[in-house]
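*Asks:* Sequences listed follow chains A and B, in order.
Using numbering that gives the first Met the number 0, the first residue of the first sequence is number 0, and each one after it goes up by one.
Using numbering that gives the first Met the number 0, the first residue of the second sequence is number 0, and each one after it goes up by one.
These are computed hints drawn from the structure, not numbers from a lab.
Since the structure is predicted, the reported quantities are computational estimates derived from the model, not experimental observations.
Where hints are given, some of them may not hold.
Repeated chains share a single entry, so a pair holds when one copy, or any two copies, can fit it.
Said to hold, decoys possible - Under the rule of at most 27 Å between Cα atoms (straight-line distance), these lysine-lysine pairs were calculated in the DSS-like manner:
hint	residue 1	residue 2
1	LYS291	LYS258
2	LYS252	LYS75
3	LYS252	LYS291
4	LYS291	LYS264
5	LYS158	LYS291
6	LYS68	LYS231
7	LYS258	LYS76
8	LYS158	LYS252
Number of protein chains: 2
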Amino acid sequence: MNRATSLFEKIQQGDKRALARLLSQVENDDESLSPLLSELLTANRRAYRIGVTGPPGAGKSTLTNQLVKAYRKREKKVAVIAVDPTSPFTGGALLGDRIRMNDVMLDSGVFIRSMATRGSLGGLATKAAEVSRVIEAAGYDIIIFETVGVGQSELDIVKAADTTIVALVPESGDSIQAMKAGLMEIADIFVMNKADRTDSDKAVQALESSLQLRDHTADSWLVPIIKTVAMKGTGIADLYAAIESHRAYLHAKGLLEQKRTARDKEFIQHLVEETWRRTFWTPARQAFLSQKLAEHESPYRIAELLFSNHD
Amino acid sequence: MNRATSLFEKIQQGDKRALARLLSQVENDDESLSPLLSELLTANRRAYRIGVTGPPGAGKSTLTNQLVKAYRKREKKVAVIAVDPTSPFTGGALLGDRIRMNDVMLDSGVFIRSMATRGSLGGLATKAAEVSRVIEAAGYDIIIFETVGVGQSELDIVKAADTTIVALVPESGDSIQAMKAGLMEIADIFVMNKADRTDSDKAVQALESSLQLRDHTADSWLVPIIKTVAMKGTGIADLYAAIESHRAYLHAKGLLEQKRTARDKEFIQHLVEETWRRTFWTPARQAFLSQKLAEHESPYRIAELLFSNHD
Numbered sequence: 000m001n002r003a004t005s006l007f008e009k010i011q012q013g014d015k016r017a018l019a020r021l022l023s024q025v026e027n028d029d030e031s032l033s034p035l036l037s038e039l040l041t042a043n044r045r046a047y048r049i050g051v052t053g054p055p056g057a058g059k060s061t062l063t064n065q066l067v068k069a070y071r072k073r074e075k076k077v078a079v080i081a082v083d084p085t086s087p088f089t090g091g092a093l094l095g096d097r098i099r100m101n102d103v104m105l106d107s108g109v110f111i112r113s114m115a116t117r118g119s120l121g122g123l124a125t126k127a128a129e130v131s132r133v134i135e136a137a138g139y140d141i142i143i144f145e146t147v148g149v150g151q152s153e154l155d156i157v158k159a160a161d162t163t164i165v166a167l168v169p170e171s172g173d174s175i176q177a178m179k180a181g182l183m184e185i186a187d188i189f190v191m192n193k194a195d196r197t198d199s200d201k202a203v204q205a206l207e208s209s210l211q212l213r214d215h216t217a218d219s220w221l222v223p224i225i226k227t228v229a230m231k232g233t234g235i236a237d238l239y240a241a242i243e244s245h246r247a248y249l250h251a252k253g254l255l256e257q258k259r260t261a262r263d264k265e266f267i268q269h270l271v272e273e274t275w276r277r278t279f280w281t282p283a284r285q286a287f288l289s290q291k292l293a294e295h296e297s298p299y300r301i302a303e304l305l306f307s308n309h310d
Numbered sequence: 000m001n002r003a004t005s006l007f008e009k010i011q012q013g014d015k016r017a018l019a020r021l022l023s024q025v026e027n028d029d030e031s032l033s034p035l036l037s038e039l040l041t042a043n044r045r046a047y048r049i050g051v052t053g054p055p056g057a058g059k060s061t062l063t064n065q066l067v068k069a070y071r072k073r074e075k076k077v078a079v080i081a082v083d084p085t086s087p088f089t090g091g092a093l094l095g096d097r098i099r100m101n102d103v104m105l106d107s108g109v110f111i112r113s114m115a116t117r118g119s120l121g122g123l124a125t126k127a128a129e130v131s132r133v134i135e136a137a138g139y140d141i142i143i144f145e146t147v148g149v150g151q152s153e154l155d156i157v158k159a160a161d162t163t164i165v166a167l168v169p170e171s172g173d174s175i176q177a178m179k180a181g182l183m184e185i186a187d188i189f190v191m192n193k194a195d196r197t198d199s200d201k202a203v204q205a206l207e208s209s210l211q212l213r214d215h216t217a218d219s220w221l222v223p224i225i226k227t228v229a230m231k232g233t234g235i236a237d238l239y240a241a242i243e244s245h246r247a248y249l250h251a252k253g254l255l256e257q258k259r260t261a262r263d264k265e266f267i268q269h270l271v272e273e274t275w276r277r278t279f280w281t282p283a284r285q286a287f288l289s290q291k292l293a294e295h296e297s298p299y300r301i302a303e304l305l306f307s308n309h310d
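Work the whole structure out from these sequences, hints included.
*Replies:* Below, the structure is given as structure tokens:
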């Protein structure tokens, strides 16, 4: 039995270290993986994807931690993909939160993966999609994407979720007016975390009035606002219920299938393009590109020459 | 004379509205543009690229505004590409700053372009690169990218600059320890803006000690910290001098040419890939993809089938 097959078997048997090793290879674009991934992904299993986003300090990691516990109580296998912001301006804040995750990390039904945003080849959202496919194939039922809600790539990750939770804290209230257009678009559920603070009711009211301005038909999902104190576990049962209710809504309307098909299409396009990229950029074509550049040929013309030569 | 040619001529003559119209077409991936862009980009002119980034509230727009004026005094044509954060969490803040730009906007040697990060096809950094190519071909000498320093795509834009300025304010001081690794990597020049505040010296000192931890040889660029009060124009002459000094350094070491070649290569790869994407995804292939998905074939297998059929 070769090494690849045994890694595959270990993953199917729930070996978390084997899964982590495979994911590192996926993140590093290890080309030799293709046959293994192909075999693994043929399983075509389905995990439910939950996105948790919000400004720094909104308690996203604590909420995620509580959600993991809620799903574990129902015997679901849960994976968390935590996207570390590369950003030098938000870099340090998550360390403490990550430590709080420790109590769930020891649970064999929980898999936690941190993704560095820095230097990931081929785009962060794409990589996160690939990583989540592998995790889903490894038998996890729920995948939670936790990401700070700033930056295009980070938002793209959350948009790929089935249910997106936007976490706020009362202090976020003031900025809600300014940001509401963006928030309305991505949130399926709002969480007002740290709702034991005195100003939380005002913040919830402000958010509610923003939500009422939103266009909706009798048929559309009404975005709920769930009050939580994630550190104490308060409101987590309500949040769990809201997620499951949104999931039932998507399912009933055929929207879950629609989201999955759209996601599959995008993933296939990505796979085809990756394969093309690897086969196209031969050493000969790369040398041709460098030579023409040295001759001061215009980039546009070089691109045309390269493309018209592509067998 | 056809419409495309006349648009081309107008742009060459410095018509800002014609340039703006062309850029909108570029941003919308208008395929009919290729011949025009090809002609325009054959000019192969060179603009110097300056990135200005930093946390919200650091005064990036005001600094940019001052830099525009400094270069205008030297008769340079200056373009600003301001990347609006899509992020719902930072969305509103730049409006006021943009208004302050008004005094430079009326100058015929200044071109200002806001890029929406939301919904840009094919990646924000790529689009910004394309937009800056067109602006450079239109005869601008300096291109300033202004972007809030959070999120991968936003940082990618700034990294494509020849000189990257990271703007901070004294309040940012506390977080410098946590973020220093990331900041060190991208900053060629630090600006401590709003340096008339009492706590600014302490912030500069903290930043200096972080900088001293950095590896460097006798030959490497020493990142300066420039104190400014951008609203009053204080320190702008120093900042201008620092940029020009960095530019001279890059030039002397052959690094400017190296950066430009790397940027050209990346741009050519992007052009080739865009062309491939357009020709590959025929209606027939798209229909094949949908059909196989409906038959519950695995994404990986569908990708293989599609690719092995590629002419």
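*Asks:* Compare the structure with each hint and give your call.
*Replies:* Now for the hints, and whether the structure bears them out:
1. In this assembly of identical chains, LYS291 and LYS258 lie within 27 Å of each other by CA distance solely across copies; the values are 17 Å between and 44 Å within a copy.
2. Taking the shortest alpha-carbon separations for LYS252 and LYS75, only the intra-copy value of 24 Å comes in at or below 27 Å, while the best inter-copy value is 58 Å.
3. Taking the closest pair of Cα atoms, LYS252 and LYS291 come within 27 Å of each other only across two copies (23 Å); inside a single copy the shortest separation is 55 Å, beyond that limit.
4. Taking the shortest alpha-carbon separations for LYS291 and LYS264, only the inter-copy value of 10 Å comes in at or below 27 Å, while the best intra-copy value is 36 Å.
5. Taking CA atoms no more than 27 Å apart as the test, LYS158 paired with LYS291 passes between copies only; the shortest distance there is 25 Å, against 41 Å inside one copy.
6. When the C-alpha separation of LYS68 and LYS231 is checked against a cutoff of 27 Å, the pair qualifies only within one copy, where the shortest distance is 13 Å, while the shortest distance between copies is 54 Å.
7. Taking the shortest alpha-carbon separations for LYS258 and LYS76, only the intra-copy value of 22 Å comes in at or below 27 Å, while the best inter-copy value is 47 Å.
8. For the homomeric pair LYS158 and LYS252, the shortest alpha-carbon distance inside one copy (19 Å) is at most 27 Å, but the shortest distance between copies (44 Å) is not.
Consistency note: the structure conflicts with none of the earlier hints.
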